[in-house]
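In order, the protein sequences belong to chains A and B. Reminder that position 404 of the first sequence reads as 407 in my numbering, one-by-one numbering, no gaps. Reminder that position 99 of the second sequence reads as 103 in my numbering, one-by-one numbering, no gaps.
Simulated from the structure, these hints should not be mistaken for laboratory data. Please note: incorrect hints may appear among the correct ones.
[Unchecked claim] Here are the simulated DMTMM-like pairs of lysine to aspartate or glutamate, each with C-alpha atoms no more than 20 Å apart in a straight line: (1) Lys340/A / Glu384/A; (2) Lys340/A / Glu366/A; (3) Lys32/B / Glu125/B; (4) Lys32/B / Asp297/A; (5) Lys330/A / Glu366/A; (6) Lys233/A / Asp54/B.
[Stated by the list, open to error] So, partial list: chain A residues that the calculated Cβ filter (under 10 Å) puts toward chain B: (7) Ala204; (8) Glu212; (9) Leu224; (10) Met225; (11) Asp227; (12) Gly228; (13) Phe240; (14) Ile243; (15) Glu251; (16) Val378.
Only a predicted model underlies this, so the values are computations on that prediction, with no experimental measurement involved. For every residue, glycine included, the Cβ atom is placed at its ideal position computed from N, Cα and C.
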Amino acid sequence: MQEILARKRMIFTIRLLLIIITAYVMLFTPSGREHLVLKAFFIAFYLASDLIVAALPERFFSNFRLFYLLICFDTIVVAAGIWLSGQAGSDFYLIYFLIISLSTLSSRLRYLMLNAFIFAGVYGWLLFQQGLLSDDLAVGYCLRIPFIVIISLFYGFVVKSVRSDKESELRRTNKMLVETRNQLIQKDKMASLGRLASGIAHEIRNPLEIISMGVDYLDNLMPDGRPEAKKAVDRIFAAIERANAIIEDVLKFSRKTEFVIEPVNIGNLVADVLDMAGHSLKRADVGVEKEFSDPRLCAAASRNMLSQIILNIINNAVDAMEKAPVKRLKIRIYMQKVNNVGYKTGYRRADYFRVGDNMIVLEISDTGKGMPEDVMMKIFEPFFTTKQTGRGTGLGLSLAHMIIDRMRGTIDVSSQDGIGTTFYVKLQPAADGHCTKEEDVGKEKNSHS
Amino acid sequence: MEKKKILIVDDEEDFCFFVRENLINSQKFEVVIATSGKPGMALARSEKPDLILLDLMMPGMGGEAVAEALQGSPETASIPVIFLTALVTREDTGTGGLKKIGESWFIAKPVRTRDLISAIESVLNG
Numbered sequence: 004m005q006e007i008l009a010r011k012r013m014i015f016t017i018r019l020l021l022i023i024i025t026a027y028v029m030l031f032t033p034s035g036r037e038h039l040v041l042k043a044f045f046i047a048f049y050l051a052s053d054l055i056v057a058a059l060p061e062r063f064f065s066n067f068r069l070f071y072l073l074i075c076f077d078t079i080v081v082a083a084g085i086w087l088s089g090q091a092g093s094d095f096y097l098i099y100f101l102i103i104s105l106s107t108l109s110s111r112l113r114y115l116m117l118n119a120f121i122f123a124g125v126y127g128w129l130l131f132q133q134g135l136l137s138d139d140l141a142v143g144y145c146l147r148i149p150f151i152v153i154i155s156l157f158y159g160f161v162v163k164s165v166r167s168d169k170e171s172e173l174r175r176t177n178k179m180l181v182e183t184r185n186q187l188i189q190k191d192k193m194a195s196l197g198r199l200a201s202g203i204a205h206e207i208r209n210p211l212e213i214i215s216m217g218v219d220y221l222d223n224l225m226p227d228g229r230p231e232a233k234k235a236v237d238r239i240f241a242a243i244e245r246a247n248a249i250i251e252d253v254l255k256f257s258r259k260t261e262f263v264i265e266p267v268n269i270g271n272l273v274a275d276v277l278d279m280a281g282h283s284l285k286r287a288d289v290g291v292e293k294e295f296s297d298p299r300l301c302a303a304a305s306r307n308m309l310s311q312i313i314l315n316i317i318n319n320a321v322d323a324m325e326k327a328p329v330k331r332l333k334i335r336i337y338m339q340k341v342n343n344v345g346y347k348t349g350y351r352r353a354d355y356f357r358v359g360d361n362m363i364v365l366e367i368s369d370t371g372k373g374m375p376e377d378v379m380m381k382i383f384e385p386f387f388t389t390k391q392t393g394r395g396t397g398l399g400l401s402l403a404h405m406i407i408d409r410m411r412g413t414i415d416v417s418s419q420d421g422i423g424t425t426f427y428v429k430l431q432p433a434a435d436g437h438c439t440k441e442e443d444v445g446k447e448k449n450s451h452s
Numbered sequence: 005m006e007k008k009k010i011l012i013v014d015d016e017e018d019f020c021f022f023v024r025e026n027l028i029n030s031q032k033f034e035v036v037i038a039t040s041g042k043p044g045m046a047l048a049r050s051e052k053p054d055l056i057l058l059d060l061m062m063p064g065m066g067g068e069a070v071a072e073a074l075q076g077s078p079e080t081a082s083i084p085v086i087f088l089t090a091l092v093t094r095e096d097t098g099t100g101g102l103k104k105i106g107e108s109w110f111i112a113k114p115v116r117t118r119d120l121i122s123a124i125e126s127v128l129n130g
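Pulled out of the complex, with its shape left as it was, chain A reads as follows:
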């Protein structure tokens, strides 16, 4: 609202300036005595129009079409003023550039140029009508027409570029704000999940235990020779197992005691996880491509948790590629400088990746079935899964999100339906981002433990 009011004031002031200059030229030039009544009427009319502008409600000034109508009105009025003053041949025509400067308040090149052509046409006619296009100085007068158009074009183009830059910056900022908001919502959900973990375990496992023992009790009471009853018992136990698997997942990932942040050689850790996943990769006939920019890149992370997360992403990738014609898993590790805000949000300022900081990026891409955007938006939500019932608890990625969050990193995803999916795990570098020789031996230590 403040901006519109300032705009209204600016329009009023520039128009007042136009009126004063036009009145001065009309009254105080050598031809000032001619058509005195008409000139007085003209000045009064123009002044009245500015007073009407001052009285108009603010909402009219946010509509660019009405604004350009006003500009058009001023253009014609100023041209009439030039005609009335008899100064078409003088430099008075330069007053039009005040209207150009006024029109840039709305920076719409098309409307500005339309206006410039109207003025050029009217001014050209004035020059012709006053016989200035046929004397010795005709060339000089003629050049004024393209001059008006070119200056208007240049002015309009500059303003449009500035506006376009501002708009794209605004779009970028808006996009980042939306991402930040989404991450905050996600973070809140994850924090709640952590708090709920032990409560869920206790409150659900106790009745599960009663069901489990109760079914054993009924099983004992049942007479032998009832295979269908035995099958039903097995089904109940399978259901108990499924419910228990969810609780196991929640508990496994939500333990604070296992959470030790230490320098982790990411390349070695990924190699370890690929060893662990080797059997399922081989069985699914998935080819692995590795691209490590530096074998000693070192992240500040929880070794066990991170390996769980990587294994989880790889297992998901293998599942997603089940029916893919080309089965390729690509893993990239590199260090990247944060060149924009919005990589990380958090409640604490210290959690942010700041612009100019380095981060270690682990990219895991597959050539699987990908996912549509609506699915992608939900994959970090607890209990969301696209897998068949019984094949996934829907907690792996939401827990991964929570864990990475605790490592002061982020996990993002990009996917194209039918083409593949890429996960980006962004981590804080340990020290300068490179492991010492002792830290490099993580792989050997791990493989022997």
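Given chain A, put chain B in place with the hints provided.
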């Protein structure tokens, strides 16, 4: 074969009932039950069970406090205790479901009768 006496201390009455019935049904055990900490301690002293199945999270006197009190009394100090808890995972306890941490045994809920029996036997046989 002499039946072993098991004391179950758990605030879930239904759970106590089913475990007692299932253990009795195995013909290997006789069972006494208590649904809170203090009566559990009293039963431990009076019944002298061979083993106690103790719920870790109970209202009032929790399983840990009960175990400490039992350890502190010469009459009951030698009775092995298996904690039943909903807060450990199979990863913690291993596939058998039983894990020794320090001097205490833990078993993850939910557990099936056959696994519970083998856990009890394993602790009783040292």
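Comparing the hints with the structure gives:
The straight-line distance between the Cα atoms of Lys340/A and Glu384/A is roughly 29 Å, outside the 20 Å bound, and the hint therefore fails. This hinted pair checks out: Lys340/A and Glu366/A have alpha carbons roughly 15 Å apart, not beyond 20 Å. A C-alpha spacing of about 10 Å is found between Lys32/B and Glu125/B, which places the hinted pair at or below 20 Å, so the restraint holds. Pair hint Lys32/B plus Asp297/A does not hold up; C-alpha atoms about 62 Å apart against a cutoff of 20 Å.
Restraint check for Lys330/A and Glu366/A: satisfied, since their Cα atoms lie roughly 17 Å apart, inside the 20 Å limit. Of the supplied pair hints, the one linking Lys233/A and Asp54/B is violated, its CA atoms being roughly 33 Å apart against a limit of 20 Å. At about 5 Å, the closest approach between the beta carbon of Ala204/A and any beta carbon in chain B falls short of 10 Å, and the interface hint on this residue holds. With a least beta-carbon distance of about 4 Å to chain B, the hint placing Glu212/A at the interface is held under the 10 Å criterion.
This hint holds: Leu224/A has a C-beta 9 Å from the nearest C-beta of chain B, less than the 10 Å allowed. For Met225/A, the shortest C-beta to C-beta distance to chain B is roughly 12 Å, which exceeds 10 Å, and the interface hint is violated. A hinted interface residue such as Asp227/A counts as satisfied when its beta carbon comes closer than 10 Å to some beta carbon of chain B; here the least separation is about 14 Å, so the hint is violated. Of the supplied interface hints, the one on Gly228/A is violated, with its beta-carbon coming no nearer than about 18 Å to a beta-carbon of chain B, more than 10 Å.
Against a cut-off of 10 Å between C-beta atoms, the interface hint on Phe240/A holds, since the closest Cβ of chain B lies about 7 Å away. Nearest Cβ of chain B to the Cβ of Ile243/A: about 6 Å, under the 10 Å cut. The hint holds. The beta carbon of Glu251/A comes within 5 Å of a beta carbon in chain B, closer than 10 Å, and the hint placing it at the interface holds. About 29 Å separates the beta-carbon of Val378/A from the nearest beta-carbon of chain B, more than 10 Å, and the hint is not met.
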